[in-house]
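K.L.:
Residue-level listing of the chains:
Number of protein chains: 2
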Amino acid sequence: MRSRLMEATVELLVERGFGGTTTTLVSERAGVSRGAQLHHFPTKNDLVVAAVTHLSDRRGAELAASAQRLPTGPDRTRAVLRMLGDHFASPVFSAALELWVAARTDPALLAAVAPLEQHVGREVHRLTVELLGADESVPGVRELVQATLDLVRGLGLANTLGDDAPRRSRILDEWARVLDAELGRSAPRPGTGRAERDEKEPSR
Amino acid sequence: MRSRLMEATVELLVERGFGGTTTTLVSERAGVSRGAQLHHFPTKNDLVVAAVTHLSDRRGAELAASAQRLPTGPDRTRAVLRMLGDHFASPVFSAALELWVAARTDPALLAAVAPLEQHVGREVHRLTVELLGADESVPGVRELVQATLDLVRGLGLANTLGDDAPRRSRILDEWARVLDAELGRSAPRPGTGRAERDEKEPSR
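If you read the sequences in order, they're chains Y and S. Under the working numbering, the letters of the first sequence match residues 1 to 204, in that order. Under the working numbering, the letters of the second sequence match residues 1 to 204, in that order.
Since the hints were made in silico from the structure, they are not lab data. A couple of the hints might just be wrong.
Same chains, same label: a pair holds when it works inside one copy or across any pair of copies.
Straight line, CA to CA, 25 Å or less: simulated SDA-like cross-link-like pairs of lysine to any residue [to be verified]:
no. : residue 1 : residue 2
1   : 44        : 86
2   : 44        : 67
3   : 44        : 162
4   : 44        : 118
5   : 44        : 76
6   : 44        : 126
7   : 44        : 92
8   : 44        : 16
9   : 44        : 25
10  : 44        : 29
11  : 44        : 117
12  : 44        : 28
13  : 44        : 112
14  : 44        : 73
15  : 44        : 14
16  : 44        : 20
In this text, all values refer to a predicted model and were calculated from it rather than measured experimentally.
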């Protein structure tokens with residue numbers, strides 16, 4: 001029953017936003033009686049805070065599952081970035097976004113959301129370092145991994161105002177090329193990559 | 001009076017979020033009678049949609065003013081990125097974020113916010129290209145400028161859950177170094193830059 005309530009809360013956050021998510025709608029959606037729901041979660045904030053935890057577990061599990069399907073070889077960085085880009089453009093991101101924005105002006109919610117968000121952030125960072133095979137002891141590499149995650153967060157936000165998938169792919173493919181070069185792996189791609197640019201700009 | 005109402009709406013979006021911004025609070029804050037306010041803006045959405053326009057003008061004006069103060073020379077890229085980073089971490093960004101997220105689940109608001117956001121996005125892109133002196137006819141450069149703007153948007157979002165200025169500066173300084181290299185300007189900085197990394201990674 002708890003799981004049904006959590007899923008219903010996340011679905012409603014995605015479909016109606018934080019303001020449109022009411023305890024009545026959650027109990028209807030979950031098929032749980034008002035009495036039973038109120039016994040477990042007396043207030044909307046109790047429900048939403050529990051859903052935050054549920055949501056971060058789900059985000060971690062989704063990412064780990066996607067990571068299993070990544071290719072190795074020269075296309076790996078691009079595949080890692082596209083995976084991250086898709087993750088931050090998913091409904092789960094929209095639900096998290098609703099909570100972040102609501103928490104910005106709600107101290108009680110912020111107290112629950114901020115530490116969980118830090119935890120998720122650290123886990124996603126660790127996973128990204130591992131998937132990219134990045135060596136953070138090299139100066140600047142840690143910042144570029146962080147930049148990559150802030151980039152996909154920004155792309156996720158842009159995507160909420162309208163489907164942005166083609167633009168996202170172009171940007172992430174170019175970022176992958178730069179990242180491979182910076183991580184000490186050359187990845188010129190005919191027609192779009194560094195090789196062609198070097199021809200045009202011999203001063204480099 | 002209109003300007004006072006717009007400013008009050010933006011302030012309340014920053015302080016209390018979209019859900020906490022009511023027409024009553026706006027009229028109190030602006031020192032405008034309920035009657036006069038309702039005459040100009042019969043509903044909350046009328047008020048908020050007008051404030052979106054006001055806000056995008058203000059965002060453009062703030063950026064243009066900051067751009068006037070940028071240095072020339074080797075530190076310019078870093079200064080441009082820090083300026084953009086600060087802009088996307090400002091209260092004006094928080095107000096815009098409230099509108100974006102509310103618009104995600106409110107079709108009437110989305111119809112007003114999406115075209116304005118596209119307009120602002122194009123203007124900021126154009127300004128960034130100009131400030132960086134980037135040549136978008138070179139393959140990949142347009143995507144790197146877009147990535148830069150999605151990066152600062154992501155950093156702005158991260159900043160709403162807690163002040164993130166030191167992390168933001170480290171990330172943007174590193175990105176400035178990479179961007180200068182990609183744009184055909186070398187910018188090694190002792191101790192943190194490409195020069196040191198090249199020593200550690202002779203294969204590059």
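K.L.:
Indicate, hint by hint, whether the structure satisfies it.
P.N.:
Structure-based check of each hint:
| no. | hint | verdict |
| --- | --- | --- |
| 1 | 44 to 86 | neither (30 Å within a copy, 34 Å between copies) |
| 2 | 44 to 67 | neither (34 Å within a copy, 44 Å between copies) |
| 3 | 44 to 162 | between (29 Å within a copy, 23 Å between copies) |
| 4 | 44 to 118 | within (23 Å within a copy, 35 Å between copies) |
| 5 | 44 to 76 | neither (42 Å within a copy, 49 Å between copies) |
| 6 | 44 to 126 | neither (33 Å within a copy, 44 Å between copies) |
| 7 | 44 to 92 | within (19 Å within a copy, 29 Å between copies) |
| 8 | 44 to 16 | both (15 Å within a copy, 18 Å between copies) |
| 9 | 44 to 25 | both (11 Å within a copy, 24 Å between copies) |
| 10 | 44 to 29 | within (15 Å within a copy, 29 Å between copies) |
| 11 | 44 to 117 | within (20 Å within a copy, 32 Å between copies) |
| 12 | 44 to 28 | within (14 Å within a copy, 29 Å between copies) |
| 13 | 44 to 112 | within (13 Å within a copy, 30 Å between copies) |
| 14 | 44 to 73 | neither (48 Å within a copy, 54 Å between copies) |
| 15 | 44 to 14 | both (16 Å within a copy, 23 Å between copies) |
| 16 | 44 to 20 | both (11 Å within a copy, 16 Å between copies) |
The structure fails hints 1, 2, 5, 6, 14 (numbered hints given earlier, in ascending order).
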